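Given next are the chains, with one letter for each unit.
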Amino acid sequence: MIKSNSPMGFIFKIFRPGRYPVIPITIICIFILLAVLGQAIAPYSANQIDLRERFTPPFFMEGGSMRHLLGTDAMGRDILSRIIVGTRVSFIVAILSLTLGGVVGTALGIISGFYGGTIDSILMRTADATLAFPIILLAMLLAIIIGPSLQNVVISLGIVLWARYARVVRGEVLSLKERDFVALARIAGASGIRIMWKHLFPNIRSTLLVLLTLQVGWVIIVEASLSFIGAGIPGPTPVWGSMIAKGRDYVTTAWWIPFFPGMAVAIVCLSFNMFGDWLREALDPRMRQVGGGG
Amino acid sequence: MGDNMSELLNVKNLKTYFFTKYGTVKAVDGVSFKVDKGETFGIVGESGCGKSITALSIMRLVPDPPGRIVGGEIVLEGEDILKISDNEMRKVRGKKISMILQDPMTSLNPVFTIGIQLEEAIKIHQGLKGRSLRERAIELLEMVQISSAAVRYKNWPHQLSGGMRQRVIGAISVSSEPRLLIADEPTTALDATIQVQFLRLLRELQEKTGVGLVFITHDFGIIARMCQRAAVMYAGRIVETGSVRDLFDNPSHPYTAALMRSLPKLEEKVERLASIEGQPPPLNDDIQGCRFAERCTVAEHQCRLSYPDETEISDGHFVSCWKF
Amino acid sequence: MQRYIVIRFIQTVITLLILSIVIFTLVRMSGDPVLLMLPETATEEDYELMKSQLGLNKPVYQQYLIFLFDAVKGDFGKSIRTRKPVILSIKETLPNSIKLVTVAFVIGFALSIPLGIVAAVKKGTVWDNMARVVTGLGQSIPTFWVGLMLLQIFVVWLRILPASGMDTWQHYVMPATCLGIFLMSGVARLLRSSMLDVLDSEFVKMARIKGVRESVVIWKHALRNSLLSVVSFGGMYIAIMVTGAILVETVFAWPGFGRLAYAAIVNQDFPLIQGVVLTAGAVVMSANFFTDILYAYLDPRIRVQV
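Protein chains in written order, with numbering that gives the first Met the number 0: chain A, 0 to 293; chain B, 0 to 323; chain C, 0 to 305.
Extracted from the complex, chain A is given alone in its bound form:
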């Protein structure tokens, strides 16, 4: 058995449901702070080019200095500053696309589950088709037609997200519909819209919260992936994905250029996923199938 005071034991302890996930919450808070403050606390301007300082390795390596903690890129820009400023873009994309997908998906999911019948089958077939279609293709198409942009990324993500929300919400509504309070509301003569808004929606809020949390990480990864293949947010805005993409050319000489932005993505995603898992177990152990992932 692993003792709970050993480092590994501690990691396992955080992963176990029922305990408060202190580390993920702390990390999430730090990154939210970075996203809000951005350039204000970055040591350098994110786009400040200094060719004399190019390819400076991080401080712990030979030739590195405390002036650029995480080193500099091919144009001598400070990587730490770019990561800090890039946080905001990632969070904005996450907030916008989750809002878009969440609102549309929840509304359609409630309608689909509540009314059933033809509307339900059309909506659900569409959602299935959407989920089975690689969004990256859509984003690529949009990137060429309207040019790579933040809207493009948000639209592409929103299109996939609505389907995920609609599926889960519909499932919840189907089981809620059978419950007494909905039947009572119906007998009392409440209108469909009133039942959906006053009786169904409040009961799926915790599911939505879990789903939302679990998908922040996914959104950030996909956003980075799109930026990586050039279908994301264009430069010179510092974006984690395109920082990694640029670093690709220097991976043999300056590995730190792609390494640190990738770490930022991984840490943020892991924190949100762990927090979401914990939230799911804490709010309702039955929600095992409310998946993040993919």
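Errors might be hidden in some of the hints.
Distance condition first, Cα-Cα at most 25 Å in a straight line; then the derived DSS-like pairs of lysine-lysine [said to hold, decoys possible]:
1. B:128 x C:219
2. C:121 x B:90
3. B:153 x B:128
4. B:82 x B:95
5. C:204 x B:94
6. C:204 x B:14
7. C:219 x B:90
8. C:204 x B:153
9. B:128 x B:95
10. B:153 x C:219
11. B:90 x C:204
12. B:36 x B:95
13. C:72 x C:57
14. B:95 x C:204
15. B:82 x C:204
16. B:20 x C:122
17. B:14 x B:82
18. C:50 x C:83
19. C:77 x C:90
20. C:219 x C:204
21. C:204 x B:122
22. B:122 x C:219
23. C:219 x B:94
24. B:95 x C:219
25. B:82 x C:121
26. C:121 x B:20
27. B:207 x B:95
Some chain C residues close to chain A (C-beta under 8 Å, calculated; not the full set) [unchecked claim]:
28. 135
29. 138
30. 234
Simulated from the structure, these hints should not be mistaken for laboratory data.
As the structure is a prediction and not an experimental result, all values here were calculated from the model.
Glycine is no exception: its CB is placed at the ideal position from the N, C-alpha and C atoms.
With chain A held as given, fit chains B and C onto it using these hints.
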């Protein structure tokens, strides 16, 4: 107490607890009863009283974690099956003890034909192969009155009705001619007419194979129809044991008496025991006294202090109540 | 079963038609398609020629039909940059991607099945927690970044694997592992939760009552049912793999479909990207169709209707 030749199962002071993060749930807390060879013994009680956990404990299939058998003995034909290894226990299951579960709709694996599921049980314990295996399987299906058994044999569970599935499960359970068959509310999920059919079938199977039957139910009507003796369970304990006649004619524990009063007619099902005030206590509370005391109309001070010992009030009629 | 296949086939065709309409509309909405189709160096004559070729002076529905028939014939036009017919590039690269994805699928399932089973069977133990950590990391680390780091370690530092190309089995190691890991986390998590449901089911209890060995309970009774739910999500995994392939091929310069897509974006090569998206859509939809048939075949409840 020496070994009785006619004794099949002797459960002594069985304790099965569940260790959850909300505390220890004493689902079965000191249950004792005996079943003779070829006898039908009923266990009756409200849902959540621990009767199903008692059954799973006898099978040694209590989900662990969180559950564990923490004490007692389960003596089957002179051998305490709580002391044998897991592997030996596996050989006891299906061969010496078998069980029929409540819901026939979910008790068969949807991706295998009923023939395969039936043969699996026969293969493990009897080592039959090929043709003789198949013949035995079809013979068993015929024994549980499945018409055109040779065709049904190739069917998947979803192609069968609930009553037929439960009969298939019956066939699986008796396939290796076990000494003891536990039926955990086997008819609750069936329609009324199918219930009667299935009960008749069970009795026939018992006559043919001489199996000892432990019948778990919440329905006194079924107890009256099926059993010679029965035990009444309340909150993890057996409160009264006796012949069915004793229980019906002379219900002595206040809980049994209340249950009897709540029966509108002998033949009707009792879903809710509405006539008894209050609820059974949560099983994670540490109760020193009688668990029924809070709902009992004749409870006295003594009842809340300690649990009453079992008293034999007439031959084979045991009651755990301070009144005696 | 036959009826099911026919219905699913018709649904697949309809979905493909919807996809083609979506793409057609997107292209037409975004402005002058001729400008998108033509390289920047094109002359006025090229423009007029292209316009009549595309039939842009005809009514919209005719334009769509022309677009559709061209697509069915595999005529996606020529690449703006290389002047090579798009269909040729697709034919050259698609098989390479299929090879890679196949190996990745094998790796992904070889990793995720034991992981999912162990996590479910040993629920709440150190094993389960370790599986959680592994799948959690797998879901949180960007694939392409893993690829870059593998390159750094195995090519630059250890010098034991080739950086790009696809000539020997060594070339497959990094890209296929990378893609396989991408797949693993999702499958392992899904398998764990469906295993937990199945292990909790009455028919598993029944198997134990029969005296079936625990290993047989897990590998025969429980796994078969749990894999069904994995197969039912097959379409999603194929979609995930296409995304993964585009990223991984870009990192490892794999001469496949994904890199073609990347090149198309970088060069703003519209005919190429249109061909790529339509082909990928068709591949994904047909793969979906086949996984659904596979699912129906594996699940007797669909295969043998009452």
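Query raised in the report: Which of the stated hints cannot be reconciled with the structure, identified by number in ascending sequence?
Result: No numbers; nothing is violated.
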